[in-house]
Every structure is written in structure tokens, then in C-alpha cells.
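Visitor: Take a look at the letters that make up each chain.
2 protein chains.
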Amino acid sequence: MDSWGTRPKRVAVIGGGLVGSLNACFLAKRNFQVDVYEAREDIRVAQLARGRSINLALSHRGRQALKALGLEDQIVSQGIPMRARMIHSFSGKKSAIPYGTKSQYILSISRTNLNKDLLTAVERYPNAKVYFGHRLLTCNLEEGTITVLGSDKVPTDVTYDLIVGCDGAYSTVRSFLMKKPRFDYSQQYIPHGYMELTIPPRDGDFAMEPNYLHIWPRNTFMMIALPNKNKTFTCTLFMPFEDFEKLQTSRDVLDFFHKHFPDAVPLMGEQALARDFFLLPAQAMISVKCSPFHFKSRCMLMGDAAHAIVPFFGQGMNAGFEDCLVFDELMEKFNNDLSVCLPEFSRFRIPDDHAVSDLSMYNYVEVTFSRIRYHEAVLRWRWQKKVINKGFFLFGTLVAIGSAYLLLRSTAPRRLDYLRGPWDWVTSLQHSLKTPWSL
Amino acid sequence: MDSWGTRPKRVAVIGGGLVGSLNACFLAKRNFQVDVYEAREDIRVAQLARGRSINLALSHRGRQALKALGLEDQIVSQGIPMRARMIHSFSGKKSAIPYGTKSQYILSISRTNLNKDLLTAVERYPNAKVYFGHRLLTCNLEEGTITVLGSDKVPTDVTYDLIVGCDGAYSTVRSFLMKKPRFDYSQQYIPHGYMELTIPPRDGDFAMEPNYLHIWPRNTFMMIALPNKNKTFTCTLFMPFEDFEKLQTSRDVLDFFHKHFPDAVPLMGEQALARDFFLLPAQAMISVKCSPFHFKSRCMLMGDAAHAIVPFFGQGMNAGFEDCLVFDELMEKFNNDLSVCLPEFSRFRIPDDHAVSDLSMYNYVEVTFSRIRYHEAVLRWRWQKKVINKGFFLFGTLVAIGSAYLLLRSTAPRRLDYLRGPWDWVTSLQHSLKTPWSL
Numbered sequence: 001m002d003s004w005g006t007r008p009k010r011v012a013v014i015g016g017g018l019v020g021s022l023n024a025c026f027l028a029k030r031n032f033q034v035d036v037y038e039a040r041e042d043i044r045v046a047q048l049a050r051g052r053s054i055n056l057a058l059s060h061r062g063r064q065a066l067k068a069l070g071l072e073d074q075i076v077s078q079g080i081p082m083r084a085r086m087i088h089s090f091s092g093k094k095s096a097i098p099y100g101t102k103s104q105y106i107l108s109i110s111r112t113n114l115n116k117d118l119l120t121a122v123e124r125y126p127n128a129k130v131y132f133g134h135r136l137l138t139c140n141l142e143e144g145t146i147t148v149l150g151s152d153k154v155p156t157d158v159t160y161d162l163i164v165g166c167d168g169a170y171s172t173v174r175s176f177l178m179k180k181p182r183f184d185y186s187q188q189y190i191p192h193g194y195m196e197l198t199i200p201p202r203d204g205d206f207a208m209e210p211n212y213l214h215i216w217p218r219n220t221f222m223m224i225a226l227p228n229k230n231k232t233f234t235c236t237l238f239m240p241f242e243d244f245e246k247l248q249t250s251r252d253v254l255d256f257f258h259k260h261f262p263d264a265v266p267l268m269g270e271q272a273l274a275r276d277f278f279l280l281p282a283q284a285m286i287s288v289k290c291s292p293f294h295f296k297s298r299c300m301l302m303g304d305a306a307h308a309i310v311p312f313f314g315q316g317m318n319a320g321f322e323d324c325l326v327f328d329e330l331m332e333k334f335n336n337d338l339s340v341c342l343p344e345f346s347r348f349r350i351p352d353d354h355a356v357s358d359l360s361m362y363n364y365v366e367v368t369f370s371r372i373r374y375h376e377a378v379l380r381w382r383w384q385k386k387v388i389n390k391g392f393f394l395f396g397t398l399v400a401i402g403s404a405y406l407l408l409r410s411t412a413p414r415r416l417d418y419l420r421g422p423w424d425w426v427t428s429l430q431h432s433l434k435t436p437w438s439l
Numbered sequence: 001m002d003s004w005g006t007r008p009k010r011v012a013v014i015g016g017g018l019v020g021s022l023n024a025c026f027l028a029k030r031n032f033q034v035d036v037y038e039a040r041e042d043i044r045v046a047q048l049a050r051g052r053s054i055n056l057a058l059s060h061r062g063r064q065a066l067k068a069l070g071l072e073d074q075i076v077s078q079g080i081p082m083r084a085r086m087i088h089s090f091s092g093k094k095s096a097i098p099y100g101t102k103s104q105y106i107l108s109i110s111r112t113n114l115n116k117d118l119l120t121a122v123e124r125y126p127n128a129k130v131y132f133g134h135r136l137l138t139c140n141l142e143e144g145t146i147t148v149l150g151s152d153k154v155p156t157d158v159t160y161d162l163i164v165g166c167d168g169a170y171s172t173v174r175s176f177l178m179k180k181p182r183f184d185y186s187q188q189y190i191p192h193g194y195m196e197l198t199i200p201p202r203d204g205d206f207a208m209e210p211n212y213l214h215i216w217p218r219n220t221f222m223m224i225a226l227p228n229k230n231k232t233f234t235c236t237l238f239m240p241f242e243d244f245e246k247l248q249t250s251r252d253v254l255d256f257f258h259k260h261f262p263d264a265v266p267l268m269g270e271q272a273l274a275r276d277f278f279l280l281p282a283q284a285m286i287s288v289k290c291s292p293f294h295f296k297s298r299c300m301l302m303g304d305a306a307h308a309i310v311p312f313f314g315q316g317m318n319a320g321f322e323d324c325l326v327f328d329e330l331m332e333k334f335n336n337d338l339s340v341c342l343p344e345f346s347r348f349r350i351p352d353d354h355a356v357s358d359l360s361m362y363n364y365v366e367v368t369f370s371r372i373r374y375h376e377a378v379l380r381w382r383w384q385k386k387v388i389n390k391g392f393f394l395f396g397t398l399v400a401i402g403s404a405y406l407l408l409r410s411t412a413p414r415r416l417d418y419l420r421g422p423w424d425w426v427t428s429l430q431h432s433l434k435t436p437w438s439l
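Note that the protein sequences, when read in sequence, are chains B and Z. The first sequence: position 412 = 412 (UniProt numbering), numbered continuously. The second sequence: position 224 = 224 (UniProt numbering), numbered continuously.
Just so you know, nobody snuck in bad clues.
If several chains are the same, the list does not tell them apart, and a pair holds so long as it fits within one copy or across any two.
The calculated DSSO-like cross-link candidates involving lysine-lysine, where the alpha carbons are at most 27 Å apart (straight line), are: (1) Lys-29 <-> Lys-9; (2) Lys-180 <-> Lys-246; (3) Lys-116 <-> Lys-129; (4) Lys-179 <-> Lys-246; (5) Lys-296 <-> Lys-246; (6) Lys-333 <-> Lys-67; (7) Lys-129 <-> Lys-9; (8) Lys-9 <-> Lys-179; (9) Lys-229 <-> Lys-67.
No lab work stands behind these hints, which were simulated from the structure alone.
Let's have the full structure, built from the sequences with the hints guiding it.
Guide: Spelled out as C-alpha cells, the structure:
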């Protein structure tokens with residue numbers, strides 16, 4: 001018998017993506033009766049269209065969450081260690097900038113494979129079940145009742161003790177929380193879009209050095225490439241939408257790449273590049289913040305549903321995984337008492353998730369795409385933090401801001417004394433956060 | 001025949017409140033076929049429950065919009081001029097601080113009466129019709145089709161050339177815009193709530209000087225009182241929710257008022273105060289920003305639906321009315337071409353509406369409820385503007401911020417040289433904006 005009484009509590013996890021499936025494992029391990037509702041079909045059996053996900057970089061926080069479930073070794077064995085960034089200059093010159101000490105690295109991970117493994121891990125719990133092809137229609141948060149639509153197209157009501165929204169940046173669960181009084185929310189699209197391209201293997205091996213995160217920084221745009229197990233690289237081009245729109249023909253695309261990424265063109269292949277560029281339009285990137293993350297003891301948000309962030313800090317999945325771990329630790333501490341753990345999760349976690357969101361946006365604005373001098377960036381960051389205290393997100397960000405501010409005050413100026421390369425400041429921040437990050 | 005061809009274009013205005021009904025007049029005057037959908041019953045015939053609206057202060061911008069429709073004189077004649085603030089100190093001492101020159105004043109207006117007059121004005125246009133008791137269910141923004149539910153409880157689809165969301169801070173129209181790509185949005189609740197109370201007439205006349213906006217500034221909370229035509233005052237108490245919650249009994253309430261507003265208690269009457277305080281709970285205040293305000297040539301937002309602001313700048317209704325006037329001026333300039341006027345309205349108006357939102361929030365945070373020294377407030381404001389440029393609302397606020405920044409740089413420090421009373425800085429800002437404001 002579990003600690004809360006005779007009937008196992010029932011939990012609905014909305015979304016069977018990375019955070020949803022990981023969370024389902026944590027909850028199942030605590031003897032909840034867990035139902036996961038995923039709108040898509042089972043990715044382990046369905047033939048997928050070309051994905052639209054930015055490559056994943058698994059780092060310390062994400063690994064700690066996997067470790068708590070005994071999944072770390074399995075997942076890590078399928079990743080490719082990236083021990084440094086490899087900066088590609090215009091001239092084709094390459095220079096490596098390590099992430100940290102020799103033993104520190106981040107892992108390039110396939111989103112699809114990771115998701116498959118996590119779904120399989122969920123299904124190993126006899127008290128957990130995944131309902132694929134089930135879409136959430138409505139949520140009654142007061143009652144804990146959800147209405148889902150399965151393949152039979154008959155809306156079905158089910159009542160749960162807890163509803164966990166892990167349904168991503170465009171969360172349906174969150175849209176019901178938004179209707180509750182005093183729920184703060186913001187969504188912001190950045191002017192950049194992203195597009196994924198491929199560098200195929202060359203002579204059966206990686207076409208570039210595999211154990212690096214390759215970066216072509218180009219002021220207002222940039223390209224990165226992460227290695228895959230099949231010896232390809234997935235390239236992601238980040239560029240303002242208005243610049244994407246200028247590239248209308250194959251000729252435009254090839255001219256653009258020859259001009260800005262001359263060393264990448266022969267690796268991608270002109271023909272493949274000119275074709276792949278038009279397979280999918282550039283995708284938008286959204287930054288979402290909200291507060292609180294919960295409603296009474298009935299409903300909570302985790303992962304992108306709670307805090308979708310722009311990808312320039314390499315922490316999206318890692319922050320989502322850490323959400324699950326933090327909640328699990330609270331459940332341990334407070335003996336699975338949902339009426340304590342949900343408000344405590346909001347109180348404790350929102351400052352951190354808002355901070356990682358601010359850091360990601362800050363990095364996007366000040367570091368990645370601007371040429372602002374770094375000491376100015378630090379000064380601006382401090383002021384930004386001080387000021388955002390006052391204006392936006394009055395509730396919740398205070399602690400986040402405070403910590404980030406103290407953190408920067410204590411470490412950044414010191415590090416700035418021996419600034420050498422363009423990523424050093426970034427590296428110092430990464431050290432301060434005690435986690436490597438991907439860009 | 002109108003300028004765009006033979007068939008008059010059809011417009012649905014969602015919401016028959018202040019901005020909706022004013023906008024319907026503007027559009028009807030341009031020979032659109034206008035249908036206004038209002039969820040409530042006709043306030044001119046229905047017996048209303050006690051209102052939940054903060055008192056209105058009509059100022060220059062609002063009057064200009066009414067003037068363009070020939071309604072200014074009628075509305076102004078029903079208002080009560082307030083030529084100065086009357087500050088009530090703890091000791092009961094009163095000091096007047098004029099809004100500007102002797103000829104400058106703002107008007108205390110009854111929201112209900114104004115709304116009634118505007119609805120009657122709409123119905124004077126033969127090409128306009130108001131559907132009361134009609135609730136918007138869904139919007140197909142691509143097609144211009146709305147589904148409304150009238151008293152017959154049968155959902156009805158109607159297709160329009162243009163859908164104008166004037167449905168307030170919790171806009172349903174906006175919720176459909178939010179689902180469109182790259183729509184930026186934020187909603188933020190402030191920690192203060194508000195509650196309306198009454199000072200009845202005394203011996204058949206106003207119990208205090210009528211031509212003032214009375215203010216009891218009390219650091220973290222404050223009360224204001226605006227005069228009504230029936231010789232009552234409507235008082236509004238602004239206070240953190242957590243402080244409201246401390247007042248649980250009539251005794252608590254009377255003790256609190258005797259302590260903080262000793263001169264107001266005999267005017268309100270102990271018995272009435274102790275009763276009225278518990279009639280309605282304290283109401284929340286939300287600040288909403290979004291961008292863009294339009295979708296293609298099909299849909300747009302105006303008033304609180306586009307930019308609900310906190311009331312501490314006295315500009316909510318005035319900004320909404322000016323939206324209508326600005327759009328009308330664009331329609332005049334661009335010959336009623338919706339495909340030009342809608343994007344132009346977003347481009348032109350968003351910076352101003354975001355600026356008034358920032359000024360309102362800024363005033364709430366820095367001036368109204370804090371004891372920060374004013375020159376610090378100015379410095380912070382500048383930094384805030386500079387920094388928010390970078391982080392939040394990348395699109396659109398740039399111009400707003402720039403103007404506010406230039407404005408403050410050009411006027412505030414100079415004015416600070418002869419700072420005398422607590423509202424002078426605020427007065428200087430008001431002069432800079434060339435409009436009086438209410439607090």
C-alpha cells in the first residue's frame with residue numbers, strides 16, 4: 001500500500017513527448033495510476049514525416065533526471081559526445097572552443113529515438129498506459145475531468161486526481177489555465193525562423209569532425225550542425241524570416257550558401273541543398289512564460305507547456321526534464337501530498353524556469369546575433385534584470401532575477417578580464433550555472 | 001454610392017461597450033453595414049446589478065473621438081469637470097494640485113450613461129444594428145465567418161468583410177487571433193485589487209468639493225473618489241489582495257478605515273461602509289499587450305481587447321476611443337481600403353498603445369505605490385525603456401519606447417529641478433503627453 005491510502009491516485013499526463021513520457025515514468029514509479037494521452041500515433045510504429053525539431057543537446061540537468069529513473073546509461077550510450085564548439089569562419093578556418101574541462105561534454109541526441117525509448121520505459125510500468133491518437137478537447141480543472149477524442153471519434157470524459165499538461169509550447173491544458181483568475185502569461189515570437197538541412201556521410205564516415213557542435217556564426221544569422229549516430233549531421237539555419245523570404249529559387253539558395261557558408265556547400269551537396277531548402281518552410285520560434293504553473297491540487301504544467309524557450313541556450317529539454325525531477329523530489333519530501341506539492345512546485349520552480357527563459361532570450365538578442373561588446377552585454381543584462389523586476393512578471397521572477405543578477409555580478413566581470421574568444425563569456429556563464437550548454 | 005463599389009461592406013463589431021459602440025458609429029458613418037453583437041442585454045432597458053467598473057475620466061483624446069462624431073457636447077454636458085486632484089493627508093488636511101492651466105480639466109463620467117448614449121447613437125444610423133444577448137462562440141478569421149448564439153440558443157453563422165473585436169480585456173476575438181502564427185501576447189495581473197464604495201450626498205449636496213478627483217495616497221494602497229451627477233461620489237480602494245483578505249469582519253473594515261481614511265468614514269457612514277465592503281469581492285486588474293492588432297484584411301482588435309491597461313494613468317477609455325479615431329483617419333487617408341488600413345493600424349497604433357500601457361504600469365509600480373525618489377524613477381524608466389527594447393516585445397515597442405524615452409529625456413529632468421509636491425513629476429509627464437490624466 002502506498003503512503004496516501006488505499007486507492008492509487010489517478011493522473012492524466014497530456015502529451016507523450018519527451019517531458020510527458022519522462023514524467024509518466026516518475027509518476028508511475030510513485031504508484032500513481034497514470035494515463036498518457038498523445039494526439040499523434042505511436043512514433044515507434046508510424047512512418048514519420050520529416051521532423052521539425054531542433055537537434056537536442058542533452059546536458060547535466062537532463063541526465064540527472066534520466067539517472068533518477070535508471071535510464072541515463074541507456075540514453076547516453078545512444079548519444080554522441082560533443083566536447084567543444086567548432087567555429088567555422090568565413091574563410092573556412094576552424095577553431096575549437098571547449099565546453100569546459102576535458103571530462104565535460106554535452107550529448108547530441110536524436111529526439112525521435114529518445115522519445116521512443118521513453119515511451120517504452122513508460123509502458124514497462126504496469127500501472128501506466130499510453131493512449132495514442134487521443135486528442136484533448138476540454139479540461140474541467142475544478143472537477144479534474146478531461147474530454148478526449150480517440151480514433152473512434154466519440155468524445156469521452158474521464159476524471160482524474162491530477163492533470164499534468166506536458167503538451168508543449170502550444171499547450172491545450174494551458175489554454176484552460178489561462179481562463180482562471182490571476183494567471184499571468186506571455187508568448188513572444190522572435191523574428192528569426194529556423195530550417196533543418198543535412199550533411200550526409202562521406203565515404204561511409206562523418207563528413208566533419210563528429211565530436212563537436214559545429215557553428216557558423218554570421219552576425220544576424222547562423223548555422224549549427226550536430227552529429228547523428230548514422231554519421232550524418234543535422235544542420236539548423238537560424239535566420240530572420242525576412243531573409244528566408246528573399247531566397248525564392250534554387251539559384252538564390254546556392255548563391256547565399258556559397259557566399260556565407262562556403263565550406264558547408266560541398267559537404268551538403270548542391271543538388272540536395274537546393275532541393276531540401278524548399279521541402280518545408282522556415283519554422284517559427286516562440287518563447288512562453290506563465291505563472292503559476294498549477295491550479296489548486298488538480299492541474300499543473302511542465303516542460304514547454306510551462307516555459308517554451310528559444311533554443312539558443314541549449315536548455316529546453318534539459319529544463320523540462322529537470323521540472324520532472326524537481327517535482328519528484330517535492331513529492332518525496334511532502335509525502336505525495338498534491339495539495340502541498342503543486343503550489344510548492346510553482347513557488348520553487350517558476351523563478352528558475354523564468355531565469356532560463358530570460359537567459360535564452362538574452363543570449364539570442366545580445367550574444368548570438370548582435371555584435372555588442374561583451375562588457376556592454378553584461379551591463380545591459382544587469383540592468384535588464386533589475387528593471388524587469390519592476391515591470392514585467394511582477395510575481396515570480398523576482399527570485400530568478402535576483403539569482404541571475406548575483407550570479408553575474410559574482411562571476412562575469414571577473415571572467416571578462418581575460419576574454420579571448422567570442423564564446424568565452426558564454427562559457428563563464430555556463431560554468432556558473434554548473435551545466436554545459438549547447439551553442 | 002460609396003467609394004469602394006456597389007455593395008456596402010459588412011462589418012461585425014463584437015462587443016457593444018464603450019469602444020464597440022463608438023466604433024460602430026464611425027464605421028456606420030462610412031456607410032459600412034454594421035452589426036454589433038453584445039453578450040449582455042440592452043443596458044437601457046435591463047435593471048443592472050451593481051457595476052464593477054472603475055470610474056471613468058474623460059480627457060482630451062477621448063473627447064476628440066466623440067467630437068469627430070458630433071457627440072462631444074452631449075457627453076461633456078453630462079460629465080463633472082475635475083480641475084485638480086485633492087490630496088487627503090492622514091491628518092485630514094486637503095491640498096489641491098491642478099491638472100494644468102485653469103482652462104484644463106478632466107471629466108468624471110458615468111460609464112453606464114455614456115454607454116447608453118453611445119448605443120442610442122449607433123441606432124440612429126439606419127445601416128447599423130445592435131444585437132443584444134448575442135454571444136460570440138467562434139470566429140473563422142480566414143473566411144470572416146462568426147458563429148453567434150442569441151436568445152433562441154441556436155448557433156448562427158454569419159460572414160462579414162471585417163470582424164472588429166471590441167470585446168474587452170478578456171476578448172474572445174483575440175483568443176482566435178492568438179492561434180494564428182507569430183501573434184505576440186502577454187497578460188499580467190497586478191497584486192492589487194480594487195473595490196468600489198460610495199459617499200452619499202449630505203444635506204442634498206455633494207459631501208466633498210465636487211470639482212476634484214479626491215485621492216487618499218497611503219503608500220501600498222490608496223483610495224480615490226470621483227463625483228457623480230446625483231451628488232454621490234464613487235470611491236475606489238486599490239489595495240493588495242493579501243491586505244483585502246485580512247479584512248474579514250465589519251469591525252476589521254471599520255478599524256482599517258478609521259486608521260487610514262479617518263476623514264472619509266463619517267462621509268461614507270459606518271453602517272453603509274461595513275455593509276458595502278462585503279457586497280462584492282475585490283476585483284482583479286489585468287494588463288494585456290499584443291501584436292499585431294489585425295489579421296489580414298479580415299479582423300482587428302480595438303480598445304481593451306487590444307491593450308487592456310491598469311487604471312493608474314486614467315487613459316483606458318481615452319486610448320480605446322483614440323483607436324477608433326486613428327482607424328477612421330486611416331480609412332479616410334486610404335479610401336476605405338481594408339487591406340491597407342488594417343496592417344497600417346497595427347504598424348501605426350501598436351507603439352502608442354504599448355507606450356500607454358507601459359506608462360500606466362510604470363505609474364502603478366514606481367509612482368503610485370512606491371516611495372522611490374522621483375529622479376530614481378526617471379532613471380529607472382529610461383533604463384527600462386532601453387532594455388525592454390531588447391528583451392520583451394521585440395516587435396513594435398521599439399518606436400513606443402523611443403518616443404517615451406525621448407519625451408522623458410526632454411522634459412522630466414528639467415521639471416525635476418523644481419519638484420515640489422508628490423504629483424509634480426506626474427504633472428510634467430501629463431503636459432508632455434498633451435493630455436490631462438486622472439490620478
